[in-house]
Amino acid sequence: MKNKTFLLFVLLFFFFSGTLCLAQEKTVEEQYRLFLEKYRVYQAGSDPYINAKSKYLSYQSVTSRADYLDLARKYLISEIEAAEFYTVFVRRRLAEATKVLNYQENFYFIKLDDEITFLSLLKNRVKDASSTSDLLNFWTDFETHFESISSYGYSVKSYIEIASLEKIDENLKTTKDKLDQYLIENLLDDSYAEAARDNFSVLEKDYAKIVSQMNNIKSRKNKLSSEKASKETAEVIRGEVNQILTPIQVLIASYQKLLQTIVPK
Amino acid sequence: MNRKSLMVFLSISFFLAVLFLIFVFLKSKNSAATSLPYFAPNATPTLVQAAPTLVQIDPLSQKGKDLINDFSAINNDVEKVYKEDTRLLPPQFYFEKEVTQ
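In the order they appear, the protein sequences are chains A and B. Everything in the first sequence is counted per this note's numbering, starting at 1 for the first residue and increasing by one. Everything in the second sequence is counted per this note's numbering, starting at 1001 for the first residue and increasing by one.
These aren't lab readings, by the way, just hints derived from the structure by calculation. Idealized CB from N, CA, C, for every residue including glycine. Among the hints, a few may not be true.
Unchecked claim - For lysine-lysine, the following DSS-like pairs were computed, each having C-alpha atoms within a straight-line distance of at most 27 angstroms:
| hint | chain 1 | residue 1 | chain 2 | residue 2 |
| --- | --- | --- | --- | --- |
| 1 | A | K173 | B | K1083 |
| 2 | A | K99 | B | K1083 |
| 3 | A | K167 | B | K1027 |
| 4 | A | K223 | B | K1080 |
| 5 | A | K38 | A | K74 |
| 6 | A | K178 | B | K1080 |
| 7 | A | K99 | A | K257 |
| 8 | A | K209 | B | K1027 |
| 9 | B | K1097 | A | K231 |
| 10 | A | K55 | B | K1097 |
| 11 | A | K205 | B | K1063 |
| 12 | A | K123 | A | K38 |
| 13 | A | K231 | A | K218 |
| 14 | A | K205 | A | K228 |
| 15 | B | K1063 | A | K26 |
| 16 | A | K209 | B | K1080 |
| 17 | A | K173 | A | K111 |
| 18 | A | K223 | B | K1063 |
| 19 | A | K257 | B | K1063 |
| 20 | A | K257 | A | K223 |
| 21 | A | K173 | B | K1063 |
| 22 | B | K1027 | B | K1004 |
| 23 | B | K1027 | A | K228 |
| 24 | A | K26 | A | K173 |
| 25 | A | K209 | A | K223 |
| 26 | A | K178 | B | K1004 |
| 27 | A | K167 | B | K1097 |
| 28 | A | K173 | A | K257 |
| 29 | B | K1097 | A | K74 |
| 30 | A | K111 | A | K123 |
| 31 | A | K99 | B | K1097 |
| 32 | A | K74 | A | K53 |
| 33 | A | K231 | B | K1080 |
| 34 | A | K223 | B | K1065 |
| 35 | A | K111 | A | K38 |
| 36 | A | K123 | A | K55 |
| 37 | A | K231 | A | K38 |
As the list claims (entries may be wrong) - Beta-carbon label-pair distances, calculated as ranges:
| hint | chain 1 | residue 1 | chain 2 | residue 2 | range |
| --- | --- | --- | --- | --- | --- |
| 38 | B | F1025 | A | D198 | 34 to 40 angstroms |
| 39 | A | V236 | B | E1079 | 20 to 26 angstroms |
| 40 | A | S230 | B | N1069 | 39 to 45 angstroms |
Make a model of the complete structure from these sequences and hints.
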């Protein structure tokens, strides 16, 4: 009986500890701040590493080699940790966007989780590295994986931008249709209402242009997960997103102006 | 540490965890209450009873105003997308290639 009670308390203790840990899940901002802290640690380790390396290359002594290995290990670990925190931040940002934008993109979550696991394992292997060649091999592994992580970073950025735009497109269409219906209902024999209906027909052409541009951008979203996104890809998508935002704002202003002419104050 | 003292320790931990959860729960409830208007301790709260007035709302006009607000909300979303999230851009790292003279 005593043993059972003891076990129950232990289980309850762990249950509550777990609940508290879950309750403290980091926000996107907190996660980014943590990444910045780790990145600063990595940057601060740059000069000591370079000094140790040049000393090792100049003297080739046992002491300078030991110092170099020690600092190289620390420097590489700080790099991996910063990359790990960046990857977690990207994942968190995607999770936040998923919640807001109401879409699911499991592909990136799986890939980012794989990279986080890899970095965590690599960090432990670097801790046990005993030779320069071991470290260089780990550095090469890290570089290869960080290329993929960077690609996911660019992809997630573009994906969020396009998905946000899709949401705007959806809302714009719904509200525009409501306006159309409103103008039909507003059958008062009023010259303002008549003019508003004519004006709406003209604006339909502007809306059609936006839809066409939007379709081009949407097709890019599907390609994102199948190809490795680069800095250039992200910049091109950002440019296209910016290009469509201004006409949308102009159209919204025109719809509002149209409404203001017929809605009594 | 014998088993009895371990039991005492775990009981206290459990009790504290429960207290903490109650505290978090109450705090979250209170934070919602803080948005209510604040009355100074000495101030006498007065109840002003507004005379009921009948305002006839033109449904068509109200619908038009709602549409203007809906467009404003979309415009706010557009503004948010304008602000590029540069935090997602990958950081720069140094990759050691060789350590030979």
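For each hint, the structure was consulted:
Taken as a hint, the A/K173 and B/K1083 pair is honoured in the structure, with Cα atoms around 23 angstroms apart against an allowance of 27 angstroms. Between A/K99 and B/K1083 the alpha-carbon distance is near 19 angstroms, which keeps this suggested pair within the 27 angstroms criterion. A C-alpha spacing of about 35 angstroms is found between A/K167 and B/K1027, which places the hinted pair above 27 angstroms, so the restraint is violated. A hinted pair counts as satisfied when its Cα atoms are at most 27 angstroms apart, and A/K223 with B/K1080 qualifies at roughly 24 angstroms.
Restraint check: the Cα-Cα separation between A/K38 and A/K74 comes to about 13 angstroms, which is no more than 27 angstroms; the hinted pair holds. At most 27 angstroms may separate the alpha-carbon atoms for a hinted pair to count; A/K178 and B/K1080 meet this at roughly 24 angstroms. Between A/K99 and A/K257 the CA atoms are separated by roughly 33 angstroms; this puts the pair beyond 27 angstroms, and the hint is violated. At most 27 angstroms may separate the alpha-carbon atoms for a hinted pair to count; A/K209 and B/K1027 exceed this at roughly 51 angstroms.
With a CA separation close to 23 angstroms, the supplied pair B/K1097 and A/K231 stays within the 27 angstroms bound. Using a Cα cut-off of 27 angstroms, the hinted pair A/K55 and B/K1097 holds, with the two alpha carbons roughly 17 angstroms apart. With a C-alpha separation of about 24 angstroms, the suggested pair A/K205 and B/K1063 falls inside the 27 angstroms cut-off, and the hint holds. Of the supplied pair hints, the one linking A/K123 and A/K38 holds, its CA atoms being roughly 14 angstroms apart against a limit of 27 angstroms.
Straight-line distance between C-alpha atoms of A/K231 and A/K218 comes to about 19 angstroms, which keeps the hinted pair within the 27 angstroms bound. A hinted pair counts as satisfied when its Cα atoms are at most 27 angstroms apart, and A/K205 with A/K228 does not qualify at roughly 36 angstroms. With a C-alpha separation of about 41 angstroms, the suggested pairing of B/K1063 with A/K26 is violated against the 27 angstroms cut-off. Using a Cα cut-off of 27 angstroms, the hinted pair A/K209 and B/K1080 holds, with the two alpha carbons roughly 22 angstroms apart.
A C-alpha spacing of about 34 angstroms is found between A/K173 and A/K111, which places the hinted pair above 27 angstroms, so the restraint is violated. Only pairs whose Cα atoms come within 27 angstroms are accepted, and A/K223 paired with B/K1063 is rejected, the gap being roughly 41 angstroms. Between A/K257 and B/K1063, the direct Cα distance comes to roughly 15 angstroms. Compliance with the 27 angstroms bound is thereby established for this hinted pair. About 38 angstroms separates the Cα atoms of A/K257 and A/K223, which puts this hinted pair outside 27 angstroms; it is violated.
Between A/K173 and B/K1063, the direct Cα distance comes to roughly 17 angstroms. Compliance with the 27 angstroms bound is thereby established for this hinted pair. Taking the CA atoms of B/K1027 and B/K1004, the gap is near 34 angstroms; set against the 27 angstroms cutoff, the hint is violated. Note on B/K1027 and A/K228: the hinted pairing is violated, with a Cα-Cα distance of about 46 angstroms set against a maximum of 27 angstroms. For the hint pairing A/K26 with A/K173, the CA-to-CA distance comes to about 35 angstroms; that exceeds 27 angstroms, so the pair is violated.
Between A/K209 and A/K223 the CA atoms are separated by roughly 23 angstroms; this keeps the pair inside 27 angstroms, and the hint holds. Between the alpha carbons of A/K178 and B/K1004 the distance comes to roughly 71 angstroms, so the proposed pair goes past 27 angstroms and is violated. For the given pair, A/K167 sits about 45 angstroms from B/K1097 by alpha-carbon distance, which is inconsistent with the 27 angstroms threshold. For the suggested pair A/K173 and A/K257, the alpha carbons sit about 17 angstroms apart, so the restraint of at most 27 angstroms is met.
For the given pair, B/K1097 sits about 17 angstroms from A/K74 by alpha-carbon distance, which is consistent with the 27 angstroms threshold. Restraint check: the Cα-Cα separation between A/K111 and A/K123 comes to about 18 angstroms, which is no more than 27 angstroms; the hinted pair holds. Distance restraint check for A/K99 and B/K1097: the Cα-Cα separation of roughly 41 angstroms exceeds the 27 angstroms cut-off, and the hinted pair is therefore not satisfied. Restraint check for A/K74 and A/K53: satisfied, since their Cα atoms lie roughly 13 angstroms apart, inside the 27 angstroms limit.
At most 27 angstroms may separate the alpha-carbon atoms for a hinted pair to count; A/K231 and B/K1080 meet this at roughly 22 angstroms. Pair hint A/K223 plus B/K1065 does not hold up; C-alpha atoms about 40 angstroms apart against a cutoff of 27 angstroms. Pair hint A/K111 plus A/K38 holds up; C-alpha atoms about 22 angstroms apart against a cutoff of 27 angstroms. With a C-alpha separation of about 25 angstroms, the suggested pair A/K123 and A/K55 falls inside the 27 angstroms cut-off, and the hint holds.
With a C-alpha separation of about 23 angstroms, the suggested pair A/K231 and A/K38 falls inside the 27 angstroms cut-off, and the hint holds. With their beta carbons about 59 angstroms apart, B/F1025 and A/D198 fall outside the hinted range of 34 to 40 angstroms. Checked against the given bound of 20 to 26 angstroms, the beta carbons of A/V236 and B/E1079, roughly 22 angstroms apart, stay inside it. Evaluation of the 39 to 45 angstroms hint for A/S230 and B/N1069 yields a pass: the beta carbon distance comes to about 41 angstroms.
When held up to the earlier numbered hints, the structure conflicts with 3, 7, 8, 14, 15, 17, 18, 20, 22, 23, 24, 26, 27, 31, 34, 38 and fits the remainder.
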